[in-house]
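Student: Chains as they are written, first to last, in full-length UniProt numbering: chain A, 1 to 388; chain B, 1 to 313.
Keep in mind that the hints were calculated from the coordinates and are not lab data. Model, not experiment: these values are computed from the prediction. One or more hints might be untrue.
[Stated by the list, open to error] In the SDA-like style, the derived pairs of lysine to any residue whose C-alpha atoms are separated by at most 20 Å in a straight line are:
1) 240/B to 123/A
2) 78/A to 105/A
3) 258/A to 311/B
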Amino acid sequence: MSKEPVAVVGVGQTKHVAARRDVSIAGLVREAARRALDDAELSWADIDAVVIGKAPDFFEGVMMPELYLADALGAVGKPMLRVHTAGSVGGSTALVAANLVAARVHGTVLTLAFEKQSESNAMWGLSLPIPFQQPLLAGAGGFFAPHVRAYMRRTGAPDTVGSLVAYKDRRNALKNPYAHLHEHDITLEKVQASPMLWDPIRYSETCPSSDGACAMVLTDRAGAARAPRPPAWMHGGAMRSEPTLFAGKDAVSPQAGKDCAADVYRQAGIADPRRDIDAVEMYVPFSWYEPMWLENLGFADEGEGWKLTEAGVTELDGDLPVNMSGGVLSTNPIGASGMIRFAEAALQVRGLAGEHQVEGARRVLGHAYGGGSQFFSMWLVGSQPPAS
Amino acid sequence: MPQVLKAPLAVEFPFTRSLGPVQSAFLTGLRERVLLGVKTVDGRVLVPPVEYDPVTADEIRDLVEVAGTGTVTTWAWNHEPRRGQPLDTPFAWVLVRLDGADTALLHALDVPGPDAVRTGMRVRVRWAEERTGAITDIACFEPYDGEPEQPAGHSGEFEDAITGIVAAARLDYTYSPGRAQSAYIHALSDRRMVGERCPSCRKVYVPPRGACPTCGVATSEQVEVGPRGTVTTFCIVNIKAKNLDIEVPYVYAHIALDGADLALHARIGGIPYDQVRMGLRVEPVWTDGSRFPDHYRPTGEVDAEYDTYKELL
Ligand SMILES: [Zn+2]
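Using the sequences and the hints given, assemble the complete structure.
Tutor: If you want it as structure tokens, here you go:
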């Protein structure tokens with residue numbers, strides 16, 4: 001028996017900011033969930049199950065969000081699941097929800113991811129004082145910066161490419177009312193004059209710390225037929241993982257990322273991603289990850305990703321727009337960041353992305369990764385139902 | 001076999017919480033000796049209050065004052081109070097349905113022994129002397145045989161309401177790094193770096209993990225590696241990390257020790273930070289009283305060719 005086609009009929013997010021002191025975590029997730037229901041013109045009673053994801057527990061000290069948030073998300077008396085996969089969790093949470101619909105376990109599922117970074121300290125959560133171990137000598141940027149240098153060495157990319165990504169994403173964010181950073185006076189010169197934190201990564205090439213939530217309503221064919229606005233259809237979705245550190249790991253272009261993308265493309269019938277996909281919303285917490293993921297995801301040959309960025313191909317009006325929303329570089333509630341990528345992909349193919357809409361976007365990839373490039377989750381959504 | 005190490009690990013952090021309108025009123029009320037519940041769509045009063053109706057999922061904001069007296073609905077005896085619990089002498093955990101409420105609140109009941117507790121008994125709030133807007137503003141409950149108190153009908157609006165709290169969390173673990181890492185740490189005290197080779201893929205892991213992460217098989221063959229190695233990649237750290245007494249800028253590098261198949265991470269010294277390069281040959285610098293090398297410094301050898309370490313990036 002074939003799978004049930006899965007449609008995204010509701011998308012909601014909060015205005016992402018540095019600190020939402022006016023709401024509890026329950027109030028924050030509620031806001032995103034309510035907006036997703038409003039978009040779908042559904043009520044709590046129309047939801048059959050809730051699938052929630054968040055950052056690792058030590059990141060914000062909430063151990064059982066599924067328990068604490070059941071009433072805020074209308075989940076009382078319904079199945080409620082929680083998904084864990086570090087920074088990719090927003091993506092894998094959406095995929096678990098989508099699989100429940102595809103398997104015809106549930107007709108309509110609410111999925112949501114969140115984080116209030118202002119109430120905790122993610123860096124502390126990453127650097128627990130484990131006995132007998134050497135303390136971490138650098139922050140999260142220090143973990144990723146050597147991989148960026150390795151990419152530059154491997155490809156010969158000029159050292160200006162990272163600043164081009166940051167300049168583009170911050171300008172895209174100006175068109176997205178939900179983005180955290182709205183740097184109205186951004187210039188390329190300002191990005192390039194920003195201090196080096198973890199050389200080769202500049203301050204302006206790192207993501208902010210945000211409070212925010214993102215929710216989606218996923219439904220089956222019958223639910224899509226009732227939807228008031230155009231749905232986004234899932235054409236493929238996959239998750240892959242590998243250890244954070246192992247002999248033979250390619251930290252620049254992890255095998256799990258390549259395998260995950262290949263699985264999604266096979267499901268979606270994508271022969272040539274560069275030709276067949278109209279736009280990509282990918283998880284880029286440090287600017288250089290754009291050219292790195294362009295290669296990892298098959299949009300460019302190995303060593304060629306930076307050339308797409310440098311040539312302006314990934315600009316909003318380019319041939320392959322990347323991070324139309326402003327990306328993780330402009331908004332980063334870690335637990336929600338993956339789902340924001342997936343939701344942006346859905347908004348684009350629904351034609352509802354507003355000022356950062358890519359004209360005629362018919363097939364868009366949403367991508368998330370997490371841990372030390374350990375978890376990958378991706379989906380490809382389209383404006384038309386998948387060919388059955 | 002060397003002894004497997006163990007040490008306490010306390011994971012402790014002062015998380016903060018924004019309260020939102022309902023919890024803000026509830027906790028501010030406790031500070032003012034006012035007990036507040038919230039009315040659901042079907043008219044029940046929930047104490048402690050929640051923001052969303054558990055039946056209809058509606059947002060609920062209708063605050064109702066309830067009494068400081070109530071009835072125990074169930075209980076359990078706590079023989080040995082632990083740090084941070086409401087009382088330091090044995091007490092009963094009780095669920096108390098306050099007069100005017102439809103749900104019960106969890107708290108402590110101060111009684112001499114389990115024979116003094118029963119379901120259905122009447123109790124009253126004992127307020128803490130100093131109140132800050134926290135559940136501990138209720139010191140505990142105590143037995144009570146008087147008339148039910150009459151709430152004054154407080155609106156739930158307060159001057160100077162509390163909007164956030166610090167919710168300190170602490171978890172105490174006994175941490176053991178296990179057999180393989182214990183052996184590695186013992187060898188470090190002789191300033192030797194000893195890893196383990198996977199019997200299947202033959203890769204050498206330093207520090208060893210006791211199992212190969214890709215083959216999923218146990219490792220036991222010990223292999224001494226280094227002490228020299230090659231900088232495979234690095235970054236220059238320009239911002240001071242908290243709790244780290246290292247002058248910036250400094251170089252944080254991935255170093256593949258000779259004979260190891262995975263780079264470890266360490267600081268480079270003994271060379272200006274802007275002269276560190278990929279392929280630089282380095283060796284550990286040990287200091288007395290420290291388990292790990294303090295940093296690595298150049299050996300003076302010619303740089304390693306890129307092809308010799310590119311697979312380790
Ligand atoms: Zn192996």
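Student: Evaluate each hint against the coordinates.
Tutor: Going through the hints against the structure:
1. As the CA atoms of residue 240/B and residue 123/A are separated by approximately 13 Å, the hinted pair is consistent with the 20 Å bound.
2. The suggested pairing of residue 78/A with residue 105/A holds, with an alpha-carbon distance near 12 Å, which does not exceed 20 Å.
3. Under the criterion of a C-alpha separation no larger than 20 Å, the hint pairing residue 258/A with residue 311/B is consistent with the structure, at around 17 Å.
Violated hints are absent here; each numbered hint is respected by the structure.
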